[in-house]
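K.L.:
Chains as they are written, first to last, in full-length UniProt numbering: chain A, 1 to 398; chain B, 1 to 398.
Derived by calculation from the structure, the hints in this document are not laboratory data. All values reported here derive from a predicted model rather than from experimental measurement. Treat the hints with care, as some may be off.
One copy or two, either will do: identical chains are not told apart, so a pair holds if it fits within one copy or between any two.
To be verified - Result set (DSS-like, lysine-lysine): computed pairs, CA atoms no more than 30 angstroms apart in a straight line:
#: 1; residue 1: K13; residue 2: K119
#: 2; residue 1: K98; residue 2: K82
#: 3; residue 1: K327; residue 2: K119
#: 4; residue 1: K351; residue 2: K119
#: 5; residue 1: K216; residue 2: K351
#: 6; residue 1: K216; residue 2: K16
#: 7; residue 1: K164; residue 2: K207
#: 8; residue 1: K327; residue 2: K277
#: 9; residue 1: K16; residue 2: K119
#: 10; residue 1: K270; residue 2: K196
#: 11; residue 1: K351; residue 2: K270
#: 12; residue 1: K351; residue 2: K277
#: 13; residue 1: K277; residue 2: K119
#: 14; residue 1: K16; residue 2: K82
#: 15; residue 1: K164; residue 2: K208
#: 16; residue 1: K98; residue 2: K119
#: 17; residue 1: K271; residue 2: K196
#: 18; residue 1: K271; residue 2: K207
#: 19; residue 1: K207; residue 2: K16
Protein chains: 2
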Amino acid sequence: MAPSVAVENLNPKVLKCEYAVRGEIVIHAQRLQQQLQTQPGSLPFDEILYCNIGNPQSLGQQPVTFFREVLALCDHPSLLEKEETKSLFSADAISRAKRILSTIPGRATGAYSHSQGIKGLRDAIAAGIALRDGFPANADDIFVTDGASPGVHMMMQLLLRDEKDGILCPIPQYPLYSASIALHGGTLIPYYLDEKTGWGLEISELKKQLEDARSKGIDVRALVVINPGNPTGQVLAEDNQCDIVRFCKNEGLVLLADEVYQENIYVDDKKFNSFKKIARSIGYGEDDLPLVSFQSVSKGYYGECGKRGGYMEITGFSASVREQVYKIASVNLCSNITGQILASLIMNPPKVNYMAFFKLCPDRKCQTVQLKISALFCRKGMNHMLPTRQRKMESFNL
Amino acid sequence: MAPSVAVENLNPKVLKCEYAVRGEIVIHAQRLQQQLQTQPGSLPFDEILYCNIGNPQSLGQQPVTFFREVLALCDHPSLLEKEETKSLFSADAISRAKRILSTIPGRATGAYSHSQGIKGLRDAIAAGIALRDGFPANADDIFVTDGASPGVHMMMQLLLRDEKDGILCPIPQYPLYSASIALHGGTLIPYYLDEKTGWGLEISELKKQLEDARSKGIDVRALVVINPGNPTGQVLAEDNQCDIVRFCKNEGLVLLADEVYQENIYVDDKKFNSFKKIARSIGYGEDDLPLVSFQSVSKGYYGECGKRGGYMEITGFSASVREQVYKIASVNLCSNITGQILASLIMNPPKVNYMAFFKLCPDRKCQTVQLKISALFCRKGMNHMLPTRQRKMESFNL
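With the hints as extra help, turn the sequences into a complete structure.
P.N.:
This is how it looks when you write it as structure tokens:
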């Protein structure tokens with residue numbers, strides 16, 4: 001009898017899927033690493049650093065103390081009843097852990113939660129989004145996920161019926177998109193970023209590719225935009241984002257906004273704007289545009305890849321479509337609670353206590369205050385705790 | 001223009017999928033709960049207990065202290081350098097956390113791991129399986145997952161090409177199976193458990209349903225067995241399991257063994273045997289049977305549902321098929337590290353220190369030792385820490 005399971009009789013979508021980030025090169029590197037262990041000195045190097053994926057803590061970046069203190073206290077809440085805890089943990093972390101636990105029924109961090117995530121944590125995430133964007137956000141729109149990837153898969157699973165359904169994706173891209181489109185049996189419609197203009201996204205290119213796909217009978221369902229870009233690092237300008245939003249509305253496309261690099265901006269003249277903020281700024285409401293924003297605890301200054309936390313914020317979907325998303329989420333019960341807590345923390349990091357700095361600097365001269373803030377945070381090793389926008393001390397205005 | 005995303009143009013597999021565990025009844029219960037909050041006294045009850053899914057910590061079961069201590073220390077490893085930690089945490093937990101961290105490169109619990117899970121944790125899981133079964137287990141066969149569900153999805157995604165591919169599933173079943181088969185576009189072939197014989201699994205029934213499906217042109221790829229049963233609670237007898245294993249080999253079926261309830265046996269005359277142990281006991285090796293065993297941290301005496309930990313042990317797949325499983329796992333990068341650590345802990349719970357009990361009981365009479373062990377564990381509230389097989393003190397033999 002032929003083997004009951006062989007490559008020849010597997011799901012062809014699985015065979016078609018490619019995922020270079022963890023593919024042949026990584027497997028080869030693992031082989032070399034094993035060789036280094038079993039035959040030291042047999043290769044012209046003695047260590048392998050894996051830079052195939054953004055994984056800062058594997059390269060020595062230390063986690064933010066505050067986040068880890070809160071997680072430890074939530075993992076073992078009875079620590080909060082012990083006197084020694086006050087000397088081992090910061091007062092901020094103790095108070096945050098208590099607040100988080102109070103939103104979890106029975107303080108049970110080992111119970112399945114609501115399939116969208118614990119309501120109190122979604123409230124915190126929504127508050128963080130609202131503060132970032134200046135527009136309201138709703139906890140009911142948040143689906144907390146194990147990193148951003150499961151959210152992307154869920155949307156592909158929802159939208160793709162067969163290979164006649166297409167998704168517009170940037171090239172160069174993060175290979176999750178090509179992989180998940182292949183796994184769910186759809187067609188990737190590439191649009192090319194322009195290296196000459198700093199990997200710019202041209203509406204004319206989007207239009208060209210969309211029309212080309214439609215002429216081949218493809219029903220283009222959605223546009224993926226990665227902003228800030230991965231792997232290109234570009235930060236889209238506000239005007240460009242407005243054009244993209246209008247394009248999606250006019251062409252009837254779902255906008256899938258990969259915004260996981262929102263804290264990774266390394267130049268002073270660029271600024272992250274969420275697509276939801278842009279859409280609301282030009283007066284688009286829920287009915288104008290189905291929009292999904294993906295966020296992750298793995299990127300930014302936090303880089304907590306292994307904790308698998310993230311969320312998607314879904315707006316502009318009808319109640320009946322939303323129910324289908326909820327159903328898919330519920331089949332996997334819920335995302336991990338540690339990742340859920342961390343997602344609420346990165347969207348609500350500790351705030352600078354301005355009053356404390358006033359006391360440090362009674363003459364209230366900005367320059368001096370800034371220097372003292374920087375010095376204090378560097379001394380405490382806390383500079384990573386400030387999000388990009390707060391780290392830019394030169395634009396700090398008391 | 002028609003709405004770009006509407007129920008009518010979603011993936012029909014998503015629409016077909018049903019998941020009652022989190023479906024209409026739960027949504028109705030949530031509505032009633034909200035009513036209780038906004039209009040207290042408006043219903044003839046004042047609290048809703050959710051028993052729609054096994055979720056013990058939501059109903060007040062406390063987590064095992066040892067597990068949570070280890071997780072807290074791994075979340076915040078710098079605690080291990082503090083003197084106060086020795087009085088806050090048990091020596092066992094400190095030593096286990098150190099051992100676990102030593103297997104994680106850079107002690108980085110926030111880094112993505114190998115897509116199958118951290119090698120040292122898989123070694124620990126394999127050691128636990130080998131101890132349980134009395135047959136060797138290999139860390140390379142272990143895929144650590146966010147609970148058992150993603151493993152089941154992965155296997156369905158791998159095996160199901162279209163609706164002409166079928167999976168034999170028990171009825172009554174856990175609805176994950178019908179849901180994941182629908183989502184991946186295959187056909188569920190039901191086989192019926194017999195209530196009269198304590199929800200027994202009859203080979204004649206399997207044969208009948210298999211032949212019936214084949215006569216309709218269905219290519220039956222796999223047999224799902226849930227043992228101990230969910231929702232039926234039956235524990236299969238060894239003879240019955242031997243017959244099932246032979247049936248799968250003869251019919252060329254992958255055996256998908258849902259063994260997540262292996263610690264939930266409530267009668268003295270029944271015993272859990274893994275299907276791998278049974279297969280090896282009757283002399284079947286890797287080449288005889290493709291076999292996948294699913295395990296989870298959510299069930300058993302641990303009940304750590306919200307941590308989303310679990311694994312699948314895959315044996316009898318060719319290297320090239322295994323590569324495809326690895327590829328699917330790698331698209332989602334890795335499972336959450338907290339869940340990975342917990343999976344290693346449940347497969348290696350703290351052991352009874354027999355020498356300590358000898359000291360307690362110098363006359364070495366079993367009965368007395370047993371009583372003292374029980375008393376000690378009850379006094380310390382640690383009786384949940386002993387797996388079923390150790391809790392059965394009457395069979396304890398020094």
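K.L.:
Within, between, both or neither: how does the pair K164, K207 come out at a Cα-Cα threshold of 30 angstroms?
P.N.:
within (18 angstroms within a copy, 39 angstroms between copies)
K.L.:
Treating 30 angstroms as the Cα threshold, decide for K98 and K119: within, between, both or neither.
P.N.:
For K98 and K119, the Cα distance is within 30 angstroms only inside one copy (16 angstroms; across copies 34 angstroms).
K.L.:
One pair to classify: K270 and K196, alpha carbons no more than 30 angstroms apart. Within, between, both, or neither?
P.N.:
Answer is within; shortest intra-copy Cα gap is 18 angstroms, inter-copy 71 angstroms.
K.L.:
Are the CA atoms of K351 and K270 at most 30 angstroms apart within a copy, between copies, both, or neither?
P.N.:
Close inside one copy (23 angstroms), not across copies (57 angstroms); limit 30 angstroms.
K.L.:
For K327 vs K277, is the C-alpha pair at or below 30 angstroms within one copy, between two copies, both, or neither?
P.N.:
The answer is within: 28 angstroms in one copy meets 30 angstroms, while 36 angstroms across copies does not.
K.L.:
For K327 vs K119, is the C-alpha pair at or below 30 angstroms within one copy, between two copies, both, or neither?
P.N.:
within (17 angstroms within a copy, 34 angstroms between copies)
K.L.:
Could you place K216 and K16 in one of the four classes (within, between, both, neither) given a Cα distance threshold of 30 angstroms?
P.N.:
both (21 angstroms within a copy, 29 angstroms between copies)
K.L.:
If the cut is 30 angstroms between Cα atoms, do K98 and K82 qualify within a copy, between copies, both or neither?
P.N.:
Both, since 13 angstroms and 22 angstroms are each at most 30 angstroms.
K.L.:
Is it within, between, both or neither when you check K271 against K207 at 30 angstroms Cα-Cα?
P.N.:
within (26 angstroms within a copy, 64 angstroms between copies)
K.L.:
I want to check one pair: K16 and K82. Are their C-alpha atoms no more than 30 angstroms apart within a copy, between two copies, both, or neither?
P.N.:
neither (55 angstroms within a copy, 51 angstroms between copies)
K.L.:
At most 30 angstroms between alpha carbons: which applies to K271 and K196, within, between, both or neither?
P.N.:
within (21 angstroms within a copy, 68 angstroms between copies)
K.L.:
For K16 and K119, with the copy left unspecified, which applies at a CA distance of at most 30 angstroms: within, between, both, or neither?
P.N.:
between (38 angstroms within a copy, 28 angstroms between copies)
The earlier numbered hints that this structure contradicts are 5, 14.
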